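Line order of the protein sequences matches chains A and B.
If you count the first sequence from 1, position 53 lands on 53 in the numbering used here, and the numbers rise without skipping.
In the numbering used here, each residue carries its 1-based index in the second sequence increased by 1000.
Simulated from the structure, these hints should not be mistaken for lab results.
Heads up, a few of these hints could be off.
Unchecked claim - FRET-style restraints, in silico, Cβ to Cβ:
no.: 1; chain 1: B; residue 1: L1140; chain 2: A; residue 2: S144; range: 34 to 44 Å
no.: 2; chain 1: B; residue 1: R1074; chain 2: A; residue 2: S91; range: 44 to 54 Å
no.: 3; chain 1: B; residue 1: E1026; chain 2: A; residue 2: E137; range: 43 to 53 Å
no.: 4; chain 1: B; residue 1: G1099; chain 2: A; residue 2: E14; range: 19 to 29 Å
no.: 5; chain 1: B; residue 1: A1141; chain 2: A; residue 2: S71; range: 27 to 37 Å
no.: 6; chain 1: A; residue 1: E14; chain 2: B; residue 2: A1141; range: 27 to 37 Å
no.: 7; chain 1: B; residue 1: N1146; chain 2: A; residue 2: F89; range: 16 to 26 Å
no.: 8; chain 1: B; residue 1: A1024; chain 2: A; residue 2: R101; range: 43 to 53 Å
no.: 9; chain 1: A; residue 1: E137; chain 2: B; residue 2: A1024; range: 16 to 26 Å
no.: 10; chain 1: A; residue 1: G151; chain 2: B; residue 2: M1097; range: 16 to 26 Å
no.: 11; chain 1: A; residue 1: G151; chain 2: B; residue 2: G1036; range: 23 to 33 Å
no.: 12; chain 1: B; residue 1: R1153; chain 2: A; residue 2: L90; range: 17 to 27 Å
no.: 13; chain 1: B; residue 1: R1101; chain 2: A; residue 2: E68; range: 42 to 52 Å
no.: 14; chain 1: B; residue 1: R1074; chain 2: A; residue 2: Q6; range: 15 to 25 Å
All figures in this text were calculated on a predicted structure; none of them were measured in a lab.
Note that CB positions come from ideal geometry on N, CA and C, so glycine has one too.
There are 2 protein chains.
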Amino acid sequence: MLKMLQYNWQIREEWFAWCEQISAEELLRQRSGGVGSILRTLYHIIDVEWSWIQIIQGKPDDPVPFEEYMSLERIKELSASFHGEVELFLSTWTDEMDGTRIINPSDQKEYTAGEILRHVIAHEIHHIGQLSVWSRELGLAPISPNFIGRGIR
Amino acid sequence: MLKMLQYNWQIREEWFAWCEQISAEELLRQRSGGVGSILRTLYHIIDVEWSWIQIIQGKPDDPVPFEEYMSLERIKELSASFHGEVELFLSTWTDEMDGTRIINPSDQKEYTAGEILRHVIAHEIHHIGQLSVWSRELGLAPISPNFIGRGIR
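Given the sequences, and given the hints that come with them, work out the whole structure.
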């Protein structure tokens, strides 16, 4: 499970680098599907991962307004600012935590911690798949989504 | 890991049902990104999963020509025809198998069995993300990619 998160983080960094070739206007342009723009997709991935990691830890999940992160530099800062705590928490993860029952404070629904982590993993990969279509629509090669060959074993 | 494969299989079935509302022409229409059409994406997901499961087992990975599976019915048959063996093999999966070294016969590159399974998982989710963009371009709601709430614990 942690290996798939490492994969997501590698790919995310590669998309940040990919974004450097795109104008701010293109990064914010409204597109079909997903959450609507390249930058908002990256924001959404970071926000959702962070929210769930906070919820699993029983910490308050304070809202992060997109309006404060509407540039590539700000998005990269956001990702970096959360990453330390996310990685630290996950470094304490054990198989026994998989079944821990977690209540989502926003709707009182109950999930297991493992179910939430799998949700976070799939969530990022799904949205990255959307970026890959938009990339081709822009005439650009997307980042390779291959897991194999990344040295994550 | 097996839970994420179960997730993929659920979502795949839901996309098969989603496809019922689309004409054969739309299913085969060339689109931007990915492998180019809705039907070819589903074929590709099935083919790649099957190939890697064959390779992990040391079995021959006979080519499956897309030209023989160019309808939704044929694609569903293909998925069903492989699924029994895929599920049976994965039911024997243990954590100890994760590090088993596997040589890909096509290019002689070495991976671990766990690395390959993670590749297969991410591969399907990534391509499903592409379907979700094409779905919106068609004016249709995509299948929910949520892992939470599916009862896979």
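Is the distance from the Cβ of B/G1099 to the Cβ of A/E14 consistent with 19 to 29 Å?
Holds: the Cβ-Cβ distance is about 26 Å, inside 19 to 29 Å.
Taking the beta carbons of B/A1141 and A/S71, is their distance inside 27 to 37 Å?
Given range 27 to 37 Å: holds, Cβ gap about 31 Å.
B/R1153 paired with A/L90, Cβ distance criterion 17 to 27 Å
19 Å, holds
If you check the beta carbons of B/E1026 and A/E137, does the distance land in 43 to 53 Å?
Once the Cβ atoms are compared, 18 Å apart, the range 43 to 53 Å for A/E137 and B/E1026 is violated.
Given a hinted range of 16 to 26 Å, is it respected by the beta-carbon distance of B/N1146 and A/F89?
22 Å, holds
Do the Cβ positions of A/G151 and B/G1036 conform to the proposed distance bound of 23 to 33 Å?
The hint (23 to 33 Å, Cβ to Cβ) holds, given that A/G151 and B/G1036 are roughly 30 Å apart.
Are A/E137 and B/A1024 spaced within 16 to 26 Å by their CB atoms?
24 Å, holds
Could you tell me whether the CB distance from B/A1024 to A/R101 stays inside 43 to 53 Å?
This hint holds: roughly 46 Å between Cβ atoms.
Return holds or violated for the Cβ distance of A/G151 and B/M1097 against the range 16 to 26 Å.
20 Å, holds
B/R1101 paired with A/E68, Cβ distance criterion 42 to 52 Å
47 Å, holds
Look at the Cβ atoms of B/R1074 and A/S91 and judge whether their distance stays inside 44 to 54 Å.
47 Å, holds
Just tell me: holds or violated, for the beta carbon distance of B/R1074 and A/Q6 against 15 to 25 Å?
38 Å, violated
Consistency with the previously given hints fails for numbers 1, 3 and 14, ordered from lowest to highest.
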